[in-house]
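Undergrad: Line by line, the protein sequences give chains A and B.
Just add 3 to the spot in the first sequence (first one is 1) and you have the working numbering.
Just add 798 to the spot in the second sequence (first one is 1) and you have the working numbering.
Calculated from the structure, these hints are not laboratory results.
Hints may contain errors.
To be clear about the criterion: a stretch of chain B counts as covered by chain A if any three or more of its residues have a C-beta under 8 angstroms from a C-beta of chain A, and this derived list gives those stretches [to be verified]: (1) 810 to 816; (2) 855 to 863; (3) 1110 to 1121; (4) 1177 to 1186.
Examples of chain A residues lying across from chain B (beta carbon under 7 angstroms, computed) [what the hints assert, rightly or not]: (5) Ala7; (6) Gly132; (7) Glu136; (8) Gly138.
Idealized CB from N, CA, C, for every residue including glycine.
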Amino acid sequence: MIDAVGNPQSVLLMGGTSDIGLAVVEAFASDRPLRVVLAGRPSPRLDAARARLERAGCAVETVEFDARALDTHADVVRKAFAGGDVDVALVAFGLLGDNERAWQDVDAAVELAQVNYTAAVSVGVALAGRMREQGHGAIVAFSSVAGERARRSNFVYGSTKAGMDAFYTGLTEALRPEGITVTVVRPGFVHTRMTEGLPPAPLATTPEAVAAAVVDAVRSRREQVWAPAPLRGVMSVLRHLPRAVFRRLPV
Amino acid sequence: MSSTETLRGWGRTAPTRARVLRPATVEDVTDAVAAAGPRGIVARGLGRSYGDPAQNAGGTVLDMTGLARVHSIDAESGIAVVDGGVSLDTLMREALPLGLWVPVLPGTRQVTVGGAIGADVHGKNHHTKGSFGNHVPWLELVTADGQVRRLTPDDELFQATVGGMGLTGVVTRAAVRLHRTESAYFVVDTDRTRDLDELMGLLTDGSDDRYGYSAAWFDTTSTGAALGRAVLTRGSLATLDQLPPDRRADPLRFDAPQLLRFPDVFPSGLANRATLRAFSELWYRKAPKRQRGAIQNITAFYQVLDLFGDWNRVYGRRGFLQYQFGVPFGAEDTFRRIVEKIATSPHASGLNVLKRFGDGNAAPLSFPQPGWTITVDFPIARGLHRFCDELDELVHGAGGRLYLAKESRTSAATFRRGYPRFDEWRKIRDGADPTGVFTSDMARRLELT
Chain A
4 MIDAVGNPQS VLLMGGTSDI GLAVVEAFAS DRPLRVVLAG RPSPRLDAAR ARLERAGCAV
64 ETVEFDARAL DTHADVVRKA FAGGDVDVAL VAFGLLGDNE RAWQDVDAAV ELAQVNYTAA
124 VSVGVALAGR MREQGHGAIV AFSSVAGERA RRSNFVYGST KAGMDAFYTG LTEALRPEGI
184 TVTVVRPGFV HTRMTEGLPP APLATTPEAV AAAVVDAVRS RREQVWAPAP LRGVMSVLRH
244 LPRAVFRRLP V
Chain B
799 MSSTETLRGW GRTAPTRARV LRPATVEDVT DAVAAAGPRG IVARGLGRSY GDPAQNAGGT
859 VLDMTGLARV HSIDAESGIA VVDGGVSLDT LMREALPLGL WVPVLPGTRQ VTVGGAIGAD
919 VHGKNHHTKG SFGNHVPWLE LVTADGQVRR LTPDDELFQA TVGGMGLTGV VTRAAVRLHR
979 TESAYFVVDT DRTRDLDELM GLLTDGSDDR YGYSAAWFDT TSTGAALGRA VLTRGSLATL
1039 DQLPPDRRAD PLRFDAPQLL RFPDVFPSGL ANRATLRAFS ELWYRKAPKR QRGAIQNITA
1099 FYQVLDLFGD WNRVYGRRGF LQYQFGVPFG AEDTFRRIVE KIATSPHASG LNVLKRFGDG
1159 NAAPLSFPQP GWTITVDFPI ARGLHRFCDE LDELVHGAGG RLYLAKESRT SAATFRRGYP
1219 RFDEWRKIRD GADPTGVFTS DMARRLELT
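In isolation and in its complexed conformation, chain B is listed as follows (with noise of 0.2 angstroms):
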């Protein structure tokens, strides 16, 4: 079963056409490499990164999500084995109930398994948990040669595939370790920041460590003196004598409802400078100045985003896209300077996330090392380009990097500049796929392949 379709990223920019299949079983994948033609072959999830790895022109994407098969969760050992189409919102609502919790969860749960492992995926709790590829034990990856591998983290090309962007291969199956919880809610506080000093100064006092997750959002429309001014949201599971009694009955549930799908009516001037302004004035004002232990659930705490199905038709059709960077301990000086500059610029974010990475892991393209990531967003509008590339140079000049799963403009050369280690996954990857097999929209733009 094959089509020929148009495929964009979650930023809804550069799109491309390119074969479609949908492989049911791993036997359908095995055929699918090696019957791909000189264009080659990516494995493409939910489509949540926000640039082109998950879309090849002219060649063969593999939609992985008919292959979403739970095959067991050991809820003694919290071993969880699945398929690599199997969402982490799949994942959750089978391994809640058992007690157990995916122990790395982006900022939305409609992202499968593979792409969890191929972008190497980190959460508000990278300072505790590191990110999604040091809680896989193994994988099954279908090689270029037709071949299905079962890697540990001891092989070379396991670590060249958490955060590989699917270019060593297909997941086709993998076990997720997952941790134990008491319940499916966050005991969180909360606290407003005036300014970005007094963000920086909480989120560095030693404060930071004492909960399990933790992450800031911060305006880049004010200016002056309440520049970077933030909501600083911590939290931790609860555990059962923690909730209120009328939580403890089912201190399990999963309370993740999807509000609204947004249609695709709007048009592409709507996201401003003016509409982003009130946005953050309202996301400031409606966060308390100080608030200990609210019990939140998930929605509310972590993915707010996940109410709303297709929330980035908003941007409309120009798109938009995401600018997630980080910057080593010590660089915090550019990082003020980066928000300074959004804030003088034409260009306008709304949605911004400060967070603390903790320590980086063997993989040689992950993307968390520590320090600072920062998120933010921007509509696609003219000169966006220059001013992406002026962030560029203050983020590599620091010592920073891009996060491929949401890079969608850089240079090969830039890319390169963040990541030191890149000839070394280039080597491990080009010898498990001598004749480019695997490849993608981003990894001719970055000449990752």
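In isolation and in its complexed conformation, chain A is listed as follows (with noise of 0.2 angstroms):
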């Protein structure tokens, strides 16, 4: 259960070695003893999260979840929930994947869009059903200000981070009546495995400070957040760019 003040029991995660995801788990972990699932492919790095959310005072269960297996998913999902009540599920698994070759490389593009939009709709569908069922919990979904207006540079990632924003978003108004919080989180670049070798954009930030602002967020019922903050004003004015504007931009 999520308490008065927002402390949950239980965290899953889906994309079990997400850094963000890792630190926000640990940032809960840092305020109460938590029963976490990883849900992610067997991997050394799965057990190397394991091990260090397990350092963190967690107790850690892991449930084998392939993106791309998309007839697998309600039934990772169904596991997931087999060892008691999810308070807080992390949808944070997705490829940023390299957009010269994804527009020209149907395999690649495909790929992207199964993985970030497909495999993120499927498993939302079945996160809400499971939290109907027990008649409580958060979803928190990584979006990415990416997918807020998509760039020449990046519009493959950003088309698909676009789509499962509307779903997200749509699902936080559906769920609302259920008594169950949605919410999307829209983090610019973040330092991570994902963004590593990449040059950082303005307002470039940490999972830990991407962690905290979730963290705040589920606390106190928030729908939507920007990390950092201030990007929500920036993405606001981008988005409202004409195309001629926006195409000469440095971004």
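Join these two chains into a complex; the hints should help.
TA: So, in structure tokens, the structure goes:
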């Protein structure tokens, strides 16, 4: 259960090796002991994530999850809930991909679309079903500012995030009467494994800073959060620029 | 008749969804218990617990307010036999014309008898009369097997039900031992104290035992020399000859109006340090410095908040939590540190009560134990979770505990620290409900079942 001041007892991380996801779990675990379910592909990285959370005092179980295997998602989510209620579910898997390859290579483009959009939708539907059954809970979906307005340099990824953002924004409304909070998180450039080697964008941030914003949003039942917060205003301006201007910006 | 509803406690925090049934008969209750699904069932009264004991996410909640008949009140013995869903307000209105008084009244009359037993509620007269469970000669409990069992204080399941937060079964009927009174008025003495020391002095100089009822409001917004300045009000039920002549004609008149219901329009930040400080200043200044023998009705002396319906709405959508703890005698220093901590924190509390408890009872999860109990309430705000965890440390370090009827945010481990007899309770409960039919959000949160 999430208590009166927003402490959860259990967290499910879909995308069990996500840097931001793990930082969110650690941030919650710094206040209370947590039961954590890591859903991801079995790998040394997943083992390392498990060890890292156990060091932080969490009781960790893992569930095998492959975002590409869409027909397994309902079963994966069922297994993730088998050990008890899930108070907070983090949808934190995704691929950045290589934009230049992706828009010219069908397989690469479809893979991005499948993982970032289709799988996110499939997992979202399954999570919503379980949360409705248990009568409480919070879902946190990691979107991206890249989905708010697609840029030439990153539009394949941006388009998948635009789709998943729209889905979870709608899910927020659908689940609100059910007492379940859905929070859509829109980080900017975050220094993670995903962005390793890329030149950082303005307002670049860290997984820990994003995690702090997410934890605060879950505690106060906020439904949309930008990380860092000033990106909200920045993106609002960028969204409204004429295309002729937007395409000339160095973003 | 059932519907799926979002339920919250009086603090308006932590909403969850459950199927709500409204039993009209004991048979409806046994049917519902038999049909409880894997997420179990719990009874709910008038929803005055601040946290989540009367919620059951994804399961069934029995709204007991439809099972609310006063079956009999014996004017000779003072024994009232009532359904579990009868409110103390109803019981009081029925009993007063017979010259009978409800022995234990919490700060509101809007609680059910079943809830009063489940939380083992106490009032300003704890030091003289104990808690609610002390005045129940028997109760009828629908247990997990669907049976209706009549239990007396000699049964261990009775003791596990008193203070058991509804997790042993559903109280469908109970007997309450009322006591005799000549009037519905109190003779009240008021003392305004400069600080905490003066207050503690008055409460420990032996004078407290001369009064049937005693509690103090204290200020947590003033610091320095005025730290913990307080208004102590103590009184006893008035006898006929203590009443002024104009009240003697109708001494049992139940004078308890509801002035207004608050609409749900208040923003979350309205109750803040500035407004609560102003409120505290006013509350302190309006009290007489020293007054003896004032005649007051129950509302003025006791249940001021019952003047206002839905007063919890003042805290806005984010809600609030009430933090009530008890510490044993000798832990006065801890109490002082907690008041200082609140006064110097960003969190403010307006309604603060200090009371001296008398002896506890035999129920393993009953809250009151000899010592002090303190109640403060905080609007939900950023950082409150850590602040309350720090208060928990101080309270439990001093051998104290938290009151489950108010509790909404502690951890399972901390709760257990305060209740050394928890395992004993758990064994009795598990014996009566081996498959875990009765459960609640609080039970899941504090790992009670």
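Undergrad: Each hint: holds or not?
TA: Here is how each hint holds up against the structure:
| no. | hint | verdict |
| --- | --- | --- |
| 1 | 810 to 816 | holds (count 6) |
| 2 | 855 to 863 | holds (count 3) |
| 3 | 1110 to 1121 | holds (count 3) |
| 4 | 1177 to 1186 | holds (count 6) |
| 5 | Ala7 | 4 angstroms, holds |
| 6 | Gly132 | 12 angstroms, violated |
| 7 | Glu136 | 6 angstroms, holds |
| 8 | Gly138 | 3 angstroms, holds |
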